[in-house]
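Trainee: Here is what each chain is made of, one letter per residue.
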Amino acid sequence: MFWRMIFKTLSRQKSKMLMISFTVILGVSLSTAMMNVMLGVGDKVNRELKVYGANITVRHKDAALMSDLYGLTEGLGVNDKFLYEEDVLKLKSIFWGFNILDFAPILDGNAIMSVKGQPGAVGDVSLMGTWTEKHATLSTGEELSTGLKGLRTWWEVSGEWLGEDDDSAVMIGHLLAAKNKIHVGDAITLTNNGIIKNFVVKGIFNDGGNADEKILLTLPAAQELMRLPGKVSSIEVSALTTPDNDLARKAAQDPRSLSPDEYETWYCTAYVSAICHQIQEVVRDGVAKAVRQVAESEGTILNKTTLLMILITILSSIGSALAISNLITASVIERSQELGLLKALGAYNWQIVLLVLLEVMITGLGGGVVGYFLGIGFAQIIGQTVFGSYIEIARMVILIVAVILFFVTLLGSVPAIRYLMALKPTEVLHGK
Amino acid sequence: MSKKILELQNVSKIYGSLKALADINLSVNAGDWLSIMGPSGSGKTTMINIIGCMDTPSVGNVILDGVDISKENAASLTRIRRDKIGLIFQQFHLISYLTAVENVMVAQYYHSMPDEEEAMEALAKVGLKDRARHLPAQLSGGEQQRVCIARALINSPQILLGDEPTGNLDEENEGIVVDIFRRLHDEGVTIIIVTHDPEVGDVAQRKIILEHGKVVDDIDQSATFGESLKLRSQERN
Numbered sequence: 009m010f011w012r013m014i015f016k017t018l019s020r021q022k023s024k025m026l027m028i029s030f031t032v033i034l035g036v037s038l039s040t041a042m043m044n045v046m047l048g049v050g051d052k053v054n055r056e057l058k059v060y061g062a063n064i065t066v067r068h069k070d071a072a073l074m075s076d077l078y079g080l081t082e083g084l085g086v087n088d089k090f091l092y093e094e095d096v097l098k099l100k101s102i103f104w105g106f107n108i109l110d111f112a113p114i115l116d117g118n119a120i121m122s123v124k125g126q127p128g129a130v131g132d133v134s135l136m137g138t139w140t141e142k143h144a145t146l147s148t149g150e151e152l153s154t155g156l157k158g159l160r161t162w163w164e165v166s167g168e169w170l171g172e173d174d175d176s177a178v179m180i181g182h183l184l185a186a187k188n189k190i191h192v193g194d195a196i197t198l199t200n201n202g203i204i205k206n207f208v209v210k211g212i213f214n215d216g217g218n219a220d221e222k223i224l225l226t227l228p229a230a231q232e233l234m235r236l237p238g239k240v241s242s243i244e245v246s247a248l249t250t251p252d253n254d255l256a257r258k259a260a261q262d263p264r265s266l267s268p269d270e271y272e273t274w275y276c277t278a279y280v281s282a283i284c285h286q287i288q289e290v291v292r293d294g295v296a297k298a299v300r301q302v303a304e305s306e307g308t309i310l311n312k313t314t315l316l317m318i319l320i321t322i323l324s325s326i327g328s329a330l331a332i333s334n335l336i337t338a339s340v341i342e343r344s345q346e347l348g349l350l351k352a353l354g355a356y357n358w359q360i361v362l363l364v365l366l367e368v369m370i371t372g373l374g375g376g377v378v379g380y381f382l383g384i385g386f387a388q389i390i391g392q393t394v395f396g397s398y399i400e401i402a403r404m405v406i407l408i409v410a411v412i413l414f415f416v417t418l419l420g421s422v423p424a425i426r427y428l429m430a431l432k433p434t435e436v437l438h439g440k
Numbered sequence: 053m054s055k056k057i058l059e060l061q062n063v064s065k066i067y068g069s070l071k072a073l074a075d076i077n078l079s080v081n082a083g084d085w086l087s088i089m090g091p092s093g094s095g096k097t098t099m100i101n102i103i104g105c106m107d108t109p110s111v112g113n114v115i116l117d118g119v120d121i122s123k124e125n126a127a128s129l130t131r132i133r134r135d136k137i138g139l140i141f142q143q144f145h146l147i148s149y150l151t152a153v154e155n156v157m158v159a160q161y162y163h164s165m166p167d168e169e170e171a172m173e174a175l176a177k178v179g180l181k182d183r184a185r186h187l188p189a190q191l192s193g194g195e196q197q198r199v200c201i202a203r204a205l206i207n208s209p210q211i212l213l214g215d216e217p218t219g220n221l222d223e224e225n226e227g228i229v230v231d232i233f234r235r236l237h238d239e240g241v242t243i244i245i246v247t248h249d250p251e252v253g254d255v256a257q258r259k260i261i262l263e264h265g266k267v268v269d270d271i272d273q274s275a276t277f278g279e280s281l282k283l284r285s286q287e288r289n
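Sequence order for the protein chains is A and B.
Residue numbering for the first sequence follows the working numbering, beginning at 9 and increasing consecutively.
Residue numbering for the second sequence follows the working numbering, beginning at 53 and increasing consecutively.
Hints should not be assumed to be uniformly reliable.
Claimed, not checked - Derived DSBU-like pairs (lysine-lysine); straight-line CA-CA distance at most 35 Å:
(1) K89/A to K22/A
(2) K181/B to K16/A
(3) K266/B to K432/A
(4) K71/B to K432/A
(5) K55/B to K177/B
(6) K189/A to K258/A
(7) K239/A to K432/A
(8) K187/A to K142/A
(9) K22/A to K181/B
(10) K56/B to K432/A
(11) K55/B to K258/A
Think of the hints as simulated: they come from the structure by calculation, not from any bench.
This structure is a prediction, so every number in the text was calculated from the model and none was measured.
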């Protein structure tokens, strides 16, 4: 009898129930889209922010100490401390290896440069040996391509990028090139400690920073020139990270201050400090530090984007609750005689409330299912439009949306429930 | 001597400065047929609300089947109403999207368990078995009121309470409904009817006249009771 009454009411009040459904569809679709985008946007925003370069640098612990204590970035105690090139690929073996998108070892040094066709040597220039686009196969069998090219996406290059095996070519910063009238295709000679090597200028780059006065060459060439085989000065790392919270900040100070549970949570979350800690575990003598400006910008943008999505979800839920509230209250007032009659026939308040709530919940459920799938569609449209890729559908959104839908419907029903509780059969049944 | 089924002891109902009922004393025996009459505003509806457990008195006691219900809370009153009272309304108040038999079953559902066979029997009792699958809109006013009576009777209440049950009916249907009351009375059902209609009031065993919330007359019509019914029946035929 109960279900018969519910379904007959639903079919009799089609237009009102369709309005409620429509309201739920709008609210749920918006919430679903926002939450899927919110949960999927972290990686997407992070990837977008990777154009700003590395967010972690790894240096030798002594060099890092000199830098921390005295602000030194070169000289004795800094330039003569090296990491091992063979440790670089181990970065991909850490717990958060998949979050490490790009990395490149850097070997800094100096050499005397002379340009073919120009009399006399130019003088001492800074060198930077690196992997530009290294292809490697990890011990896990995973194919890898990484290097400075992925970390300097903003470089404007005239000519070409150095290739992996271009050991006889260099790229020159545009300020250094302009100062010495060097063009793409010119030949230069670099001399260091009696080693003389000839190179062809393959490209001229504009970094917008200190690198514009440097010469970029492949790591093997730099190691040979500087007589430092297998050594690197630092490693630049670009990693997808989770914005810092109090736990991450506490761990960044000293991971040993964490309780075992806190440590596990921190270690298994992609906080920049956790990734740095794990890098240090695989790079001998290495100290990994977050490039704060980049890491914090990522965190700030991500937090603000997430906040925006949450606000939109909350506002759409409130809007839906208000609309549902109006519709249900109107429906209940319209049916006050019928509901008053049920009370007169012996129905308790809770039985009437249950009847009305179930009608609304069934309608809401129908709207919720349609709204959910519509929301997934909206999320994909947002993903394609904003990030140029699909948003991964998070299953947990179903649960969250179901909870939101339940509470929105329940909250929306509160005024109607209050009206029902106060409804006196005597006031609606005597036709006065 | 019949058992006392209902007793109002010094019952008053006060709304602000208005005394809708003033110090009413009334007792009804099981199986009685009582009509309550009076002009508009005399307190008839207030009285039927209190007897029907839909309201409580401001002062005084209401003893229903030996239990004082005047201080009961809303949930208890709902339970008592469900178990002991059958309600008939002037405007029928059938649920428009349920058929006649389903309307009867609703009362069963909130009382115990819906039983379609039993509901059909109740409809048969008021001569509507063949109209059981019709919606209220497909029934005449008289038929709707008979469905309302079947619904009121389905849970075997101790008191059948009617608020102007013939107020919306033509003469013919009024007669049919009064005949049903007569049969129910013969079966021992206690009937209390509020009515404006003197003819309906006159066929009861006992007639209470209310004015300004007070009982101004309590007329025993036992002597003419059978005659009035016979006369009405003859007039209709």
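Trainee: Need the status of pair K187/A, K142/A: alpha-carbon distance at most 35 Å?
Mentor: 31 Å, holds
Trainee: Does the alpha-carbon distance linking K55/B and K258/A stay inside the 35 Å limit?
Mentor: This hinted pair is violated, its Cα atoms lying about 83 Å apart.
Trainee: Is the Cα-Cα distance between K189/A and K258/A 35 Å or less?
Mentor: 52 Å, violated
Trainee: Between K239/A and K432/A, is the straight-line Cα distance small enough, at 35 Å or below?
Mentor: 88 Å, violated
Trainee: Is the hinted pair K266/B and K432/A satisfied, with a Cα-Cα distance of at most 35 Å?
Mentor: 25 Å, holds
Trainee: Hey, K181/B versus K16/A, does the alpha-carbon distance stay inside 35 Å?
Mentor: 22 Å, holds
Trainee: Given the hinted pair K56/B and K432/A, is their alpha-carbon gap at most 35 Å?
Mentor: With a Cα-Cα distance of about 29 Å, the restraint between K56/B and K432/A holds, given a limit of 35 Å.
Trainee: Could you grab the alpha-carbon distance between K22/A and K181/B and see if it respects the 35 Å cut-off?
Mentor: 31 Å, holds
Trainee: Compare the distance between the alpha carbons of K89/A and K22/A with 35 Å, and conclude whether the hinted pair is satisfied.
Mentor: Violated, at about 78 Å.
Trainee: Within a Cα-Cα threshold of 35 Å, do K55/B and K177/B meet the stated pairing?
Mentor: 26 Å, holds
Trainee: Regarding the pair K71/B and K432/A, is the alpha-carbon distance no greater than 35 Å?
Mentor: 20 Å, holds
In summary, the numbered hints that this structure violates are 1, 6, 7 and 11.
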